[in-house]
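Novice: Please arrange chain B on chain A, whose structure you already have, making use of the hints.
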Amino acid sequence: MSAAVLQEDFINRLREHFDVLSAYVLAQLNAGEELTINVAAEESLFVRFNSNRVRQNTDVEQIGISLRLQSNRRTVEKSRSLGGNMDADRLALMHLLAQCRDEVAVLPLDPNQVPIENNGTSSEEFRGALLAAQDVVAAVVAPAAGCDLAGLYASGIVIRGNCNSKGQRHWFATETFFLDYSIYKGPQAAKGCYAGARWSAVEWASNLARTRTLLALLAKPQQDVKPGAYRTYLAPRAFSDLLGMLGWGALSASAWKQGRSPFKKLAENEARLSPLLSIDENFALGLTPRFNDLGEVSATRLPLIEKGELKTLLVSSRTAKEYGLMANGASEGEGPRAMDVRAGTLAEQDVLQALGTGLYLSNLHYLNWSDPVSARVTGMTRYACFWVEEGEIVGPIRDLRWDESLYSALGSKLMALTSHAEIDPAVDTYYRRALGGSRTPGALIDDFSFTL
Amino acid sequence: MPDTVIPHEQALHHALQFSDWAAIRYSSETATHRAVRNDKPESNESSLEEGAMCEVLVDGHFGYAATADLSLSGLQRAFDRAITTTRATSQHKVHSFTPGQRPRTTGVYRSARRRDLDALSVVEITDCLMAASRAMSLSDRLVNRSARAMLVQTQIDYFSSNGSETRQSFDMLDITLAATAAEGLESQTRSWSRTGQFGSEAFDRAAFRENAERVAREALDLLAADNCPSGHMDLVLMPDQMMLQIHESIGHPLELDRILGDERNYAGWSFVKQEDFGRLQYGSSLMNVAFDPGRAHELASYDFDDGGNRATREMLIENGVLRRGLGSLESQVRSGLPGVANFRSASWNRAPIDRMANINLEPGTSSLDELIAQVEHGVLMRTNRSWSIDDYRNKFQFGCEHGQLIENGVLGKLVRNPNYRGVTVDFWNRLAGVGSAAETHGTSFCGKGEPSQIIRVGHASPPCLFRDVDVFGGQS
Numbered sequence: 000m001s002a003a004v005l006q007e008d009f010i011n012r013l014r015e016h017f018d019v020l021s022a023y024v025l026a027q028l029n030a031g032e033e034l035t036i037n038v039a040a041e042e043s044l045f046v047r048f049n050s051n052r053v054r055q056n057t058d059v060e061q062i063g064i065s066l067r068l069q070s071n072r073r074t075v076e077k078s079r080s081l082g083g084n085m086d087a088d089r090l091a092l093m094h095l096l097a098q099c100r101d102e103v104a105v106l107p108l109d110p111n112q113v114p115i116e117n118n119g120t121s122s123e124e125f126r127g128a129l130l131a132a133q134d135v136v137a138a139v140v141a142p143a144a145g146c147d148l149a150g151l152y153a154s155g156i157v158i159r160g161n162c163n164s165k166g167q168r169h170w171f172a173t174e175t176f177f178l179d180y181s182i183y184k185g186p187q188a189a190k191g192c193y194a195g196a197r198w199s200a201v202e203w204a205s206n207l208a209r210t211r212t213l214l215a216l217l218a219k220p221q222q223d224v225k226p227g228a229y230r231t232y233l234a235p236r237a238f239s240d241l242l243g244m245l246g247w248g249a250l251s252a253s254a255w256k257q258g259r260s261p262f263k264k265l266a267e268n269e270a271r272l273s274p275l276l277s278i279d280e281n282f283a284l285g286l287t288p289r290f291n292d293l294g295e296v297s298a299t300r301l302p303l304i305e306k307g308e309l310k311t312l313l314v315s316s317r318t319a320k321e322y323g324l325m326a327n328g329a330s331e332g333e334g335p336r337a338m339d340v341r342a343g344t345l346a347e348q349d350v351l352q353a354l355g356t357g358l359y360l361s362n363l364h365y366l367n368w369s370d371p372v373s374a375r376v377t378g379m380t381r382y383a384c385f386w387v388e389e390g391e392i393v394g395p396i397r398d399l400r401w402d403e404s405l406y407s408a409l410g411s412k413l414m415a416l417t418s419h420a421e422i423d424p425a426v427d428t429y430y431r432r433a434l435g436g437s438r439t440p441g442a443l444i445d446d447f448s449f450t451l
Numbered sequence: 000m001p002d003t004v005i006p007h008e009q010a011l012h013h014a015l016q017f018s019d020w021a022a023i024r025y026s027s028e029t030a031t032h033r034a035v036r037n038d039k040p041e042s043n044e045s046s047l048e049e050g051a052m053c054e055v056l057v058d059g060h061f062g063y064a065a066t067a068d069l070s071l072s073g074l075q076r077a078f079d080r081a082i083t084t085t086r087a088t089s090q091h092k093v094h095s096f097t098p099g100q101r102p103r104t105t106g107v108y109r110s111a112r113r114r115d116l117d118a119l120s121v122v123e124i125t126d127c128l129m130a131a132s133r134a135m136s137l138s139d140r141l142v143n144r145s146a147r148a149m150l151v152q153t154q155i156d157y158f159s160s161n162g163s164e165t166r167q168s169f170d171m172l173d174i175t176l177a178a179t180a181a182e183g184l185e186s187q188t189r190s191w192s193r194t195g196q197f198g199s200e201a202f203d204r205a206a207f208r209e210n211a212e213r214v215a216r217e218a219l220d221l222l223a224a225d226n227c228p229s230g231h232m233d234l235v236l237m238p239d240q241m242m243l244q245i246h247e248s249i250g251h252p253l254e255l256d257r258i259l260g261d262e263r264n265y266a267g268w269s270f271v272k273q274e275d276f277g278r279l280q281y282g283s284s285l286m287n288v289a290f291d292p293g294r295a296h297e298l299a300s301y302d303f304d305d306g307g308n309r310a311t312r313e314m315l316i317e318n319g320v321l322r323r324g325l326g327s328l329e330s331q332v333r334s335g336l337p338g339v340a341n342f343r344s345a346s347w348n349r350a351p352i353d354r355m356a357n358i359n360l361e362p363g364t365s366s367l368d369e370l371i372a373q374v375e376h377g378v379l380m381r382t383n384r385s386w387s388i389d390d391y392r393n394k395f396q397f398g399c400e401h402g403q404l405i406e407n408g409v410l411g412k413l414v415r416n417p418n419y420r421g422v423t424v425d426f427w428n429r430l431a432g433v434g435s436a437a438e439t440h441g442t443s444f445c446g447k448g449e450p451s452q453i454i455r456v457g458h459a460s461p462p463c464l465f466r467d468v469d470v471f472g473g474q475s
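Residue numbers (numbering that gives the first Met the number 0), protein chains in the order written: chain A, 0 to 451; chain B, 0 to 475.
Just chain A, with the same shape it has in the complex:
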């Protein structure tokens, strides 16, 4: 039996399982009870590489289900893993529902409760053509022979489903892989990521060749760059790293209202960003379902920042209820799920010339707010980063610490965005394989501050 058939079985099997189980549980509700059910499932293969060899391989099959019971203006949510056996899972869910009822009877009123509604129905399934488990390692390591390669290959099916007692029903299944990797020459390294739905040996070889070219540039003499302010080019992946901070409370309406948003000045029209910068939530990228955990469906395109001006924060229904705002399909965490940064006009071949003398950064590392009120972020340079003089790469740098306000880096210091943009797929694997990602161009920033 081929791997493709087994994987297709998992989608069909899960869908039927979810349909039967959810119908059964919903039929048990008493008058005055409303219920939302979410399922997150995956059938994944993880292979971890070190030195172009296998460190660990793990197969994971998991189904997680959650019940959110709303009754008498109280809310409780309980979730659990399921084994996939219908009788046992039915019993487990009835036990979970009973626990929800016990709790909801003694909890205080939830004044910010969002009434359960029918937000419609959707169904999307994206089939792929993945490597069979036994073929993965040879396919990865053979083209990388001679490379010191470290990284993670992850593949398989990821499923999200949602339904509620008002008749709402959403289903999303996708079959994808990613190979998030880096290659090394001693302590120097270059980073790459090959992701998609259909493994292609030609595409993998081409992706690896590009990363090898970057690694070869690191053979130039190492440059000792002192802390200071330098014109800096952030390649798309590095710019994606920087903009990832917008998901740490900056664009969250609840964080703004609770005094925690680094973009408070932007939200209150006390500051604006560069007119070069426009950011949307763009679900047309196809990286993640449009529905959230309440089954609310976001607009396909939601402008967040238009020419430097905040158009809207991400507002969940709960935040909207609490603060009298308009919800816009955001998840409860109110972070971007499909961030799309509009490309600029700087052609890729002109980047070094436009940079002139300064730093070319391919990746950033370990970002955090260092002064939230000023939207100041600190982080490190990582992987292939170079000192450039008069439009020519002189050599790699030692890692530098930087500390810069987003009001500056995305404001008056932002000189240009590139005309090419790259998809940065989510490769997070905490608890389960993530969905989502972003599309970002490269960014040329003046006087970026390096501190250590």
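Mixed in with the good hints, there may be bad ones.
Sample of chain B residues at the chain A side, in silico, Cβ under 10 Å [what the hints assert, rightly or not]: (1) E41; (2) M52; (3) L69; (4) R86; (5) N143.
Cut-off 30 Å, straight-line C-alpha distance, at most; resulting in silico cross-link-like pairs (DSS-like, lysine-lysine) [as the list claims (entries may be wrong)]: (6) A:K264 - B:K39; (7) A:K320 - A:K264; (8) A:K256 - A:K306; (9) A:K219 - A:K264; (10) A:K219 - B:K272; (11) B:K39 - A:K320; (12) B:K272 - A:K184; (13) A:K264 - B:K412; (14) A:K256 - B:K39; (15) A:K190 - A:K165; (16) A:K320 - A:K256; (17) A:K190 - B:K39; (18) A:K264 - A:K310; (19) A:K165 - A:K320; (20) B:K39 - A:K165; (21) B:K272 - A:K225; (22) A:K184 - A:K225; (23) A:K256 - A:K310.
Keep in mind that the hints were calculated from the coordinates and are not lab data. A quick note: this is a predicted structure, and the numbers were derived from the prediction, not measured. Glycine residues also receive a C-beta, built at the ideal position from the N, C-alpha and C atoms.
Specialist: Using the frame of chain A, we list chain B on its own:
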């Protein structure tokens, strides 16, 4: 705690037909999250994660398959998947292992506690959180008053084909109170947390109220405070910031899997080289650091790691000299270095990797007043707020919620947005004083690994004095 008995003997018998060694790690974890914000319920959620990791040794390579189907047929299918994949990948294994990396062990561990966590009712917890939220209500400028509690009960049972059988049960608490004061465009947050292996006796109503009032008052005070000054000065770090300093600049760089390069593509490598053990003067002679899995109530206490290795206290750094790394039996045989029992996984669906557990800085002889008295010009910082360090664990920058200037040996004016930066070995060699009274802290959210895992760690430390550190404040 569910009373699940899995058919481990039959499943292991099945696996041994096609593998050289096999094990099952059953794990069940109930985590309850309750939160109150501004005197209203914010969330009441709980999760049950229950499943088994089936592990095999095939042709010298360990491989894994995870399933939540705990029937015999479910476990057998998981073993079949593990064996098939592991046989294919073993031709490219990074090292040829033996069952010697999985010693036979038996035993039982149970968290120190006086009363089980589930002795607490929903009403008791909610009332406690609500009272804390109300106690923070000192001013309209306190725009966010949050009280959260996470109660976790975990059972981990491990069975192997060479006779290991360990059963460990954990009761854990993670409580956080936080107050945010805001005025105009400025805001400041102050928090208090209690984290560790406790029973319900630790749900202390008086402590909730007392700390709630304190953090609210301090958030308001910070709103009116000046920014921390910039410059090189002496630095006293309190235990709730030492926790982070130890975690990032001792714990992670000493993990042997990082030193061996397994983690290079994700969290990063380490500046520590294999030849540094026994030689590197990591810090001043006042620096003594232990791996201590036996400290009662610390968050990452346990008797056995997830490879069945019995956990014992070991010194990592003695008198400032690096002695031992944080590496499991697999990393020890790969590197030829001594390690510890720290082969740990986040849950049933992740394979174990080298993780720090309880990493503690041993107490010295100075009182806090004596440390402060040694400072002519400096700052005392409390409670971590911001953290960032490079992928070799060298260049760090950390920020705290609360700072106080020290002038001529006297603690004085409050300052906000205190930050400091440095380079690991240089920084630890600036250690000039170690307090005598340790506090125990920890976090439930240390991330690492591919696939990624969140794990619990504990860090006990006294206050410490560092000389001539690069300190700076905020821009606002």
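Novice: Look at each hint and say if it fits the structure.
Specialist: Status of each hint after checking the structure:
Interface restraint check: E41 of chain B against chain A, minimum CB-CB distance 8 Å, threshold 10 Å, status holds. Taking 10 Å as the C-beta contact cut-off toward chain A, the hint placing M52 of chain B at the interface holds, the least distance being around 8 Å. A least Cβ separation of about 6 Å between L69 of chain B and chain A falls short of the 10 Å threshold, and the interface hint therefore holds. Below 10 Å, beta-carbon pairs count as interface contacts, and R86 of chain B has one with chain A at about 8 Å; its hint therefore holds.
Satisfaction of the interface hint for N143 of chain B is found here, the shortest Cβ-Cβ separation to chain A being roughly 4 Å, below the 10 Å cut-off. With a CA separation close to 27 Å, the supplied pair K264 of chain A and K39 of chain B stays within the 30 Å bound. For the given pair, K320 of chain A sits about 23 Å from K264 of chain A by alpha-carbon distance, which is consistent with the 30 Å threshold. Between K256 of chain A and K306 of chain A, the direct Cα distance comes to roughly 24 Å. Compliance with the 30 Å bound is thereby established for this hinted pair.
With a CA separation close to 43 Å, the supplied pair K219 of chain A and K264 of chain A exceeds the 30 Å bound. The straight-line distance between the Cα atoms of K219 of chain A and K272 of chain B is roughly 24 Å, inside the 30 Å bound, and the hint therefore holds. For the proposed pair K39 of chain B and K320 of chain A, the alpha carbon gap of about 13 Å is at most 30 Å, so the pair holds. At roughly 16 Å between alpha-carbon atoms, K272 of chain B and K184 of chain A fall within 30 Å of each other, so this suggested pair holds.
Restraint check: the Cα-Cα separation between K264 of chain A and K412 of chain B comes to about 28 Å, which is no more than 30 Å; the hinted pair holds. In summary, the hint linking K256 of chain A to K39 of chain B is supported, as the alpha carbons are separated by about 15 Å, within the 30 Å threshold. With a CA separation close to 47 Å, the supplied pair K190 of chain A and K165 of chain A exceeds the 30 Å bound. About 12 Å separates the Cα atoms of K320 of chain A and K256 of chain A, which keeps this hinted pair within 30 Å; it holds.
The suggested pairing of K190 of chain A with K39 of chain B is violated, with an alpha-carbon distance near 46 Å, which exceeds 30 Å. Between K264 of chain A and K310 of chain A the CA atoms are separated by roughly 14 Å; this keeps the pair inside 30 Å, and the hint holds. Between K165 of chain A and K320 of chain A the CA atoms are separated by roughly 20 Å; this keeps the pair inside 30 Å, and the hint holds. About 26 Å separates the Cα atoms of K39 of chain B and K165 of chain A, which keeps this hinted pair within 30 Å; it holds.
Between K272 of chain B and K225 of chain A the alpha-carbon distance is near 26 Å, which keeps this suggested pair within the 30 Å criterion. Among the hinted pairs, K184 of chain A with K225 of chain A is consistent with the structure: their alpha-carbon atoms are about 24 Å apart, no more than 30 Å. With a C-alpha separation of about 16 Å, the suggested pair K256 of chain A and K310 of chain A falls inside the 30 Å cut-off, and the hint holds.
In the structure shown, a violation is registered for the earlier hints numbered 9, 15, 17, in ascending order.
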